[in-house]
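Trainee: Sequence order for the protein chains is A and B. Mapping to our numbering: the first sequence position 329 is 329, numbers consecutive. Count along the second sequence from 1, add 396, and you get the number used in our numbering.
None of these hints come from the bench; they were simulated from the model. Careful, some of the hints might be misleading.
Once the Cα atoms are required to be at most 25 angstroms apart in a straight line, the calculated DSS-like pairs of lysine-lysine come out as [to be verified]:
#, chain 1, residue 1, chain 2, residue 2
1, A, Lys-382, B, Lys-587
2, A, Lys-177, B, Lys-627
3, B, Lys-523, A, Lys-170
4, A, Lys-55, A, Lys-15
5, A, Lys-379, B, Lys-561
6, B, Lys-523, B, Lys-422
7, A, Lys-92, A, Lys-61
8, A, Lys-64, A, Lys-12
9, B, Lys-407, A, Lys-170
10, B, Lys-422, A, Lys-92
With beta-carbon atoms standing in for the labels, derived distance ranges [stated by the list, open to error]:
#, chain 1, residue 1, chain 2, residue 2, range
11, A, Ser-256, B, Gln-614, 34 to 42 angstroms
12, A, Gly-385, B, Glu-625, 17 to 25 angstroms
13, A, Gly-162, B, Gly-632, 29 to 37 angstroms
14, B, Gly-500, A, Thr-136, 51 to 59 angstroms
15, A, Asp-295, B, Glu-420, 21 to 29 angstroms
Think of the CB as a built atom: it goes at the ideal place given N, C-alpha and C, for glycine as much as any other residue.
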Amino acid sequence: MSDGAVSVILGKKEKFERAPDRRSEDFHERLFELEAEGELVVQRITGDFVEVPTKYGVIKKIQKANLWHHKSCGQCGHIPGYSTSIFWLMRKLGYDYIDPEDQTSCTAWNYYASATSNQAAQAAVAVRNFAAAYETGNFPLIHCGTSYGHYKEVRAELLHDGALRQQVTKVLHRLGKQLVLPEEIIHYSEWLYAVRDEISARAVRDVSGIAVTVHPACHYYKLVEGDAIFDPDVYHGQRTAAVSGLVLALGADLRSYSTFFDCCGFGFRHILVQRDFTRSFATLRKIEVMKEEADPDVVLTHDTGCVTALDKSQFAAQAHERNVGVPVMSEAQFAALAMGAHPFKVAQLHWHSTNYRPLLEKMGIDWEAAWAEFQEDAKRLKSGGQEFLTWADVDA
Amino acid sequence: MPATTLDPYMKRDHVAGHMDVEREEKERLIGQVMADSRFGDYLYGCYECGICVAACPSARFYDFSPRRIAQAAARRDIDLMFQQMQEDIWECSQCFSCLRCPRGNNPGGVITIMREVAVKEGLHSAKDALAGYSRIIYKIMSTGTQVSPDMLQPDAFPDWGPEVKDVSENLDLWRRMLPPETMHTTTTGWKVADRTLVELYVIWLETGALDMIAQVDQGIHMILEEIMEEKLEEEGIEI
Ligand code: SF4
Ligand code: SF4
Numbered sequence: 001m002s003d004g005a006v007s008v009i010l011g012k013k014e015k016f017e018r019a020p021d022r023r024s025e026d027f028h029e030r031l032f033e034l035e036a037e038g039e040l041v042v043q044r045i046t047g048d049f050v051e052v053p054t055k056y057g058v059i060k061k062i063q064k065a066n067l068w069h070h071k072s073c074g075q076c077g078h079i080p081g082y083s084t085s086i087f088w089l090m091r092k093l094g095y096d097y098i099d100p101e102d103q104t105s106c107t108a109w110n111y112y113a114s115a116t117s118n119q120a121a122q123a124a125v126a127v128r129n130f131a132a133a134y135e136t137g138n139f140p141l142i143h144c145g146t147s148y149g150h151y152k153e154v155r156a157e158l159l160h161d162g163a164l165r166q167q168v169t170k171v172l173h174r175l176g177k178q179l180v181l182p183e184e185i186i187h188y189s190e191w192l193y194a195v196r197d198e199i200s201a202r203a204v205r206d207v208s209g210i211a212v213t214v215h216p217a218c219h220y221y222k223l224v225e226g227d228a229i230f231d232p233d234v235y236h237g238q239r240t241a242a243v244s245g246l247v248l249a250l251g252a253d254l255r256s257y258s259t260f261f262d263c264c265g266f267g268f269r270h271i272l273v274q275r276d277f278t279r280s281f282a283t284l285r286k287i288e289v290m291k292e293e294a295d296p297d298v299v300l301t302h303d304t305g306c307v308t309a310l311d312k313s314q315f316a317a318q319a320h321e322r323n324v325g326v327p328v329m330s331e332a333q334f335a336a337l338a339m340g341a342h343p344f345k346v347a348q349l350h351w352h353s354t355n356y357r358p359l360l361e362k363m364g365i366d367w368e369a370a371w372a373e374f375q376e377d378a379k380r381l382k383s384g385g386q387e388f389l390t391w392a393d394v395d396a
Numbered sequence: 397m398p399a400t401t402l403d404p405y406m407k408r409d410h411v412a413g414h415m416d417v418e419r420e421e422k423e424r425l426i427g428q429v430m431a432d433s434r435f436g437d438y439l440y441g442c443y444e445c446g447i448c449v450a451a452c453p454s455a456r457f458y459d460f461s462p463r464r465i466a467q468a469a470a471r472r473d474i475d476l477m478f479q480q481m482q483e484d485i486w487e488c489s490q491c492f493s494c495l496r497c498p499r500g501n502n503p504g505g506v507i508t509i510m511r512e513v514a515v516k517e518g519l520h521s522a523k524d525a526l527a528g529y530s531r532i533i534y535k536i537m538s539t540g541t542q543v544s545p546d547m548l549q550p551d552a553f554p555d556w557g558p559e560v561k562d563v564s565e566n567l568d569l570w571r572r573m574l575p576p577e578t579m580h581t582t583t584t585g586w587k588v589a590d591r592t593l594v595e596l597y598v599i600w601l602e603t604g605a606l607d608m609i610a611q612v613d614q615g616i617h618m619i620l621e622e623i624m625e626e627k628l629e630e631e632g633i634e635i
């Protein structure tokens with residue numbers, strides 16, 4: 001083949017079709033069928049929504065406002081700037097939401113790590129949370145990649161396994177709840193993708209000089225892959241566009257690397273009890289490869305486990321003189337920073353381990369002044385002048 | 397100690413780290429794995445192509461292979477599956493990268509089921525694998541959230557850098573400096589209503605998940621029962 005022919009092929013956006021029997025199912029038909037038979041209640045998308053493309057071409061609807069935030073245990077537990085940034089973005093863009101107290105973890109971390117649960121218990125936890133959202137009239141928005149992937153597994157099981165459906169319905173009745181499944185299961189980064197142009201239009205910081213690598217969460221696009229976002233305009237539709245689509249919309253310098261599809265090394269049990277595995281995988285297969293091939297200023301991902309594994313693993317690796325030292329955060333934190341969020345009061349970067357200060361400087365953020373402001377607020381709280389920092393303080 | 401089998405795939409007992417048991421017992425255990433309603437969706441045979449191994453993080457660091465898991469299950473090799481259930485399954489990262497299998501297999505999913513049976517049956521290997529993990533199990537079952545800020549202690553995470561110390565020293569203050577009102581907590585990821593906790597407990601009870609805890613950690617099971625019975629009473633739920 002001549003060079004010219006190759007460049008014609010490479011320049012073209014090709015469309016690859018998978019044979020119908022190789023595509024994962026479009027679950028909607030079965031969902032509405034079961035609703036018609038009175039077996040479950042479907043919570044529908046309401047108000048404004050955006051249609052987004054998924055892996056095999058089925059269109060997915062993303063509701064824009066009135067979202068019920070299904071928080072993530074790890075985000076809220078030790079990377080609180082993650083959820084705070086999502087809330088902040090929603091407030092700034094003017095979308096109402098509910099931050100509920102009747103939500104539990106999806107319990108999938110425990111399940112995948114310890115197996116001290118079972119299919120019915122996992123399904124019941126999922127639909128109890130869905131029912132709680134439904135009761136408020138707000139649509140669930142799932143913050144965690146694992147919750148998102150696991151809930152999609154649960155949905156497939158509930159749609160196809162009548163005995164499981166019955167068992168779970170019985171448990172829910174004991175709680176005075178009905179079996180509710182939402183019309184779509186939506187991850188927060190899909191919402192960010194849907195509103196990426198609104199975010200970019202509101203950006204106040206120039207991020208065009210920031211080199212970004214993306215690590216997509218395994219449980220986002222490997223579990224029930226069919227309705228993860230794939231966009232022909234992002235990596236020719238060959239990689240998920242979650243996270244990367246937003247980075248492109250913000251105009252940052254998105255860089256590729258060869259271990260994009262590898263997991264972060266979190267391992268569920270490993271992060272707690274066999275951390276040598278997590279550290280090795282996160283640094284050798286991800287961070288070092290990114291450094292070598294793409295030299296990023298920041299790694300962006302969209303799941304707590306990934307931020308944890310990639311960020312925290314770099315400290316010990318320094319002792320072995322490994323080529324590490326790249327800050328890691330969620331794309332929600334990065335987007336919030338681009339839209340002018342406070343690096344500590346909103347993005348809460350002081351909970352992270354790898355040095356993020358050079359990145360902030362490159363983004364034109366005076367982190368020393370910002371830290372001094374944070375300390376001022378801390379003083380006020382310490383002296384008892386105020387109990388909690390509020391959104392009003394953050395926006396002041 | 398003689399080898400359990402002449403099959404080159406099998407490890408000797410002393411290498412596998414767990415003693416062999418009667419064939420009948422293996423059949424009983426593996427029978428439960430195969431009876432799981434998900435099993436038929438997770439396994440369609442195996443081409444032995446190794447694509448799953450190339451994608452698998454655990455295969456890089458352990459003597460572990462998702463291909464061997466799929467093969468053993470596909471040829472119904474009860475002996476090998478039993479041995480894997482004693483050891484290999486706990487090395488899996490549950491990342492599901494192996495789902496890119498061209499045959500449509502889900503070796504990670506087969507492992508999830510094998511783990512569940514290992515726990516339900518109280519296998520020693522499961523207890524060993526979960527030693528050090530019980531505080532998470534306790535946390536989720538008693539509070540509804542799995543990761544709490546107060547877990548961030550420098551002695552638990554000495555390899556996470558000096559920031560862990562800063563966080564633990566300032567924990568209460570820094571949590572109060574989070575604008576979302578549900579997140580001022582230190583012992584749970586966010587504030588969970590009592591009623592919700594009780595509902596979670598009812599789920600554990602009704603689905604048999606609580607019995608699984610009793611198998612791996614009797615102590616936790618007893619404490620949970622005690623705390624939750626009281627809450628059930630307060631919320632007026634009868635079991
Ligand atoms: S789920 Fe387990 S077996 Fe599959 S790729 Fe991940 S670590 Fe390997
Ligand atoms: S990818 Fe699938 S077919 Fe290939 S070795 Fe693994 S389980 Fe077998």
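Trainee: Sort out which numbered hints this structure fails and list those numbers smallest first.
Mentor: 3, 8, 9, 10, 11, 12, 14 and 15
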